[in-house]
Amino acid sequence: MQRGDSLNSPFVPFSPNPSIQQGTPTSTPPLKHTLSSSTSSNLRYSSSRKSIYDRHLNRSQRSELSKASFAFLFGEMVQYAQKRVNGIADLEKKLNLHGYSIGQRLLELLLWREGRSAKRETRILGILQFITTTVYRSIFNKPADGLEKSRDNEDEYMLIDNDPMVNSYISVPKEMSQLNCAAFVAGIIEAVLDGCLFPGRVTAHSVPTEQLPAKTVFLIKFDESVIERESVLG
Amino acid sequence: MSATKAARVGEDVWKTRIDKVNAELVTLTYGSIVAQLCRDFEGDYLEVNKQLEKMGYNIGLRLIEDFLAKTNMGKCANFRETAETIAKVGFKVFLNITPTVANWTTDNKQFSLIFEENPLADFVELPDDGRAQNELWYSNMLCGVLRGTLEMVQMQVDAHFASDILRGNEVTEMRVTLVRIIDDELPPGED
Amino acid sequence: MVILSLLILNKAGGLIFQRDFNEGLKKLSSNDYLVLAGTFHGVHAITSRISPVRNSGGGLEVLESDRFRMQCFQTLTGTKFLIFAEPNQPNIDVVVKRVYELYADYVMKNPFYQIEMPIRCEAFERNLVAYIKPK
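Chains as they are written, first to last, in the UniProt record's numbering: chain A, 1 to 234; chain B, 1 to 191; chain C, 1 to 135.
Take the hints with a grain of salt, since some may be wrong.
[Stated by the list, open to error] A partial selection of chain C residues facing chain A, derived with a Cβ cut-off under 8 Å: (1) 21; (2) 33; (3) 105; (4) 109; (5) 110; (6) 111; (7) 112; (8) 120; (9) 121; (10) 122; (11) 123.
[What the hints assert, rightly or not] Here are some of the chain A residues that sit facing chain B, going by a computed Cβ distance under 7 Å: (12) 44; (13) 64; (14) 68; (15) 69; (16) 82; (17) 85; (18) 98; (19) 102; (20) 117; (21) 121; (22) 125; (23) 129; (24) 139; (25) 196.
The hints are simulated quantities; they were obtained by calculation from the structure and are not laboratory data. Fair warning: this is a prediction, and the values are worked out from it, not measured in the lab. All C-beta atoms in this analysis are idealised placements derived from N, C-alpha and C, irrespective of residue type, glycine included.
Using the sequences and the hints, build the whole thing.
Put into structure tokens, the structure is as follows:
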């Protein structure tokens with residue numbers, strides 16, 4: 001899964017044990033900015049304002065914007081992607097990619113903010129709980145609604161959101177009923193898992209009920225390497 | 001309405017009638033969109049600017065209804081009032097910022113919005129490829145939003161950035177010009 | 001509070017939404033509704049200019065008979081919301097504002113809705129019915 005180079009991201013996989021790196025993005029481009037800026041950056045900074053490196057990362061931690069802003073931005077993202085794809089699977093993939101790039105950055109930020117108490121998760125349950133609580137709370141201000149392990153498949157888990165925020169105002173037309181725009185959130189989850197060395201695929205599925213018409217299940221399918229490691233760890 | 005009254009309305013609506021989300025999510029989402037456009041257009045930043053403006057325009061056409069529904073604002077008496085409404089109510093209610101209105105021309109048809117803060121561009125650094133800082137207007141979507149919203153209330157405007165902190169300028173300034181009032185169909189209540 | 005039906009017209013006077021909230025109402029054919037909407041749009045335009053009194057505001061706002069009360073709300077963008085209710089119904093303004101908000105949320109923020117086109121947004125209808133006819 002070659003994510004790194006297509007996203008021009010500053011993501012560098014970290015692991016003290018190189019043998020666990022199977023399945024993680026193997027070719028990641030070096031940080032383009034710092035390599036060139038340490039020698040000859042041509043970036044201009046205004047004299048009065050400090051650069052972004054002087055601003056504290058926690059500055060915007062509790063800032064809020066209107067949900068409408070996100071909704072319009074997200075809606076436009078969906079519309080733009082729709083014009084450049086053929087079919088629903090493709091559209092979901094594009095949304096997933098957007099979510100992925102956000103998830104990578106979010107993960108770094110969240111772990112940095114946890115500081116000394118940051119725990120490196122090595123078990124599946126641990127990382128899933130990190131996602132359902134810490135990650136979800138930071139983006140959506142509430143934890144996810146449920147976490148289940150699949151009965152039929154060893155490598156599948158389900159994360160449940162009764163009312164995904166990103167879908168709040170979206171009504172998918174009947175002819176596209178398999179589309180779930182929460183593929184965006186699936187991308188965020190996937191990035192967090194990849195970044196913590198639990199490679200897998202995450203997809204969003206609508207499972208509406210009478211009470212919860214917007215209920216969505218995120219199906220997490222871990223790579224074999226993760227399941228092997230999990231059984232080795234006991 | 002005066003600037004202070006507009007500020008009060010903006011503050012009030014922001015506090016009581018707006019559902020809120022984590023700002024960082026919006027910042028990251030906007031960033032992802034810009035980055036995607038830069039990839040799609042292979043570094044043709046002028047084209048990216050155009051596309052951002054167009055996306056903003058599409059948003060503006062819809063955003064105006066949300067703005068009107070949430071704020072119950074009536075018609076502005078003149079372009080100066082429109083400017084204050086945009087700055088103190090519009091931007092407040094959506095982005096929780098209040099840019100300053102300044103640099104009016106004598107015919108009252110052109111003004112600037114000076115942005116002290118820009119949540120869309122938080123923690124952004126433009127690519128160091130020698131061109132981005134000269135060509136890309138990172139927040140260009142905002143210009144399109146203004147153009148779209150005002151067009152729906154019968155004003156044709158041109159909005160563009162004159163300077164941007166991301167480019168190394170001292171301030172982030174958007175210049176807004178009233179091109180003409182659209183009255184092929186008279187606005188309600190006018191004679 | 002008994003709201004009988006709702007019509008929404010776009011800027012050009014085209015009908016983009018129509019819904020009844022009560023049983024036993026007379027149903028017109030969909031073509032008839034389109035014609036009705038277009039006619040109303042024209043009437044509204046005329047009434048906005050017909051008053052001999054200066055600055056008397058926009059066009060037709062209320063139409064009341066002994067069987068029903070119709071209220072028309074035109075937004076600054078030209079979209080019209082027509083609410084039909086039982087006569088002597090107070091607080092229709094509140095209902096209209098709420099419907100406008102629901103429109104702004106579930107129609108405008110829906111990326112699959114094309115502007116000026118008929119509204120086919122499931123969330124909009126769901127929330128609308130829940131508001132107007134709470135069970």
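Each hint, compared with the structure:
Proximity of residue 21/C to chain A is violated relative to the hint, the smallest CB-CB distance being about 19 Å (cut-off 8 Å). At about 22 Å, the closest approach between the beta carbon of residue 33/C and any beta carbon in chain A exceeds 8 Å, and the interface hint on this residue is violated. For residue 105/C, the interface hint holds, the least distance from its beta-carbon to any beta-carbon of chain A being 5 Å, beneath 8 Å. Because the smallest distance between the Cβ of residue 109/C and any Cβ of chain A comes to about 4 Å, under 8 Å, the interface hint for this residue holds.
Residue-level restraint check for residue 110/C holds (minimum Cβ-Cβ distance to chain A is 5 Å; threshold 8 Å). Interface restraint check: residue 111/C against chain A, minimum CB-CB distance 4 Å, threshold 8 Å, status holds. The interface hint given for residue 112/C is met, as the beta carbon of that residue sits about 5 Å from the closest beta carbon of chain A, less than 8 Å. A least Cβ separation of about 7 Å between residue 120/C and chain A falls short of the 8 Å threshold, and the interface hint therefore holds.
Below 8 Å, beta-carbon pairs count as interface contacts, and residue 121/C has one with chain A at about 4 Å; its hint therefore holds. The beta carbon of residue 122/C comes within 4 Å of a beta carbon in chain A, closer than 8 Å, and the hint placing it at the interface holds. The closest approach between the C-beta of residue 123/C and any C-beta of chain A is roughly 4 Å, which is under the 8 Å cut-off, so the hint is satisfied. Below 7 Å, beta-carbon pairs count as interface contacts, and residue 44/A has one with chain B at about 3 Å; its hint therefore holds.
Annotation: interface hint on residue 64/A holds; nearest CB of chain B at approximately 4 Å, less than 7 Å. Satisfaction of the interface hint for residue 68/A is found here, the shortest Cβ-Cβ separation to chain B being roughly 5 Å, below the 7 Å cut-off. Nearest Cβ of chain B to the Cβ of residue 69/A: about 5 Å, under the 7 Å cut. The hint holds. Checking residue 82/A against chain B by beta carbon gives a least distance of about 12 Å; that is not within 7 Å, so the hint is violated.
Nearest Cβ of chain B to the Cβ of residue 85/A: about 12 Å, over the 7 Å cut. The hint is violated. Contact between residue 98/A and chain B, as hinted, is supported at the beta carbon level, the nearest pair being about 5 Å apart and thus within 7 Å. Because the beta carbon of residue 102/A sits about 4 Å from the nearest beta carbon in chain B, less than 7 Å, this interface hint is met. Of the supplied interface hints, the one on residue 117/A is violated, with its beta-carbon coming no nearer than about 20 Å to a beta-carbon of chain B, more than 7 Å.
Among the interface hints, the one on residue 121/A is violated; its C-beta lies about 22 Å from the nearest C-beta in chain B, farther than the 7 Å criterion. Proximity of residue 125/A to chain B is violated relative to the hint, the smallest CB-CB distance being about 26 Å (cut-off 7 Å). Proximity of residue 129/A to chain B is violated relative to the hint, the smallest CB-CB distance being about 20 Å (cut-off 7 Å). Satisfaction of the interface hint for residue 139/A is found here, the shortest Cβ-Cβ separation to chain B being roughly 5 Å, below the 7 Å cut-off.
A least Cβ separation of about 18 Å between residue 196/A and chain B goes past the 7 Å threshold, and the interface hint is therefore violated.
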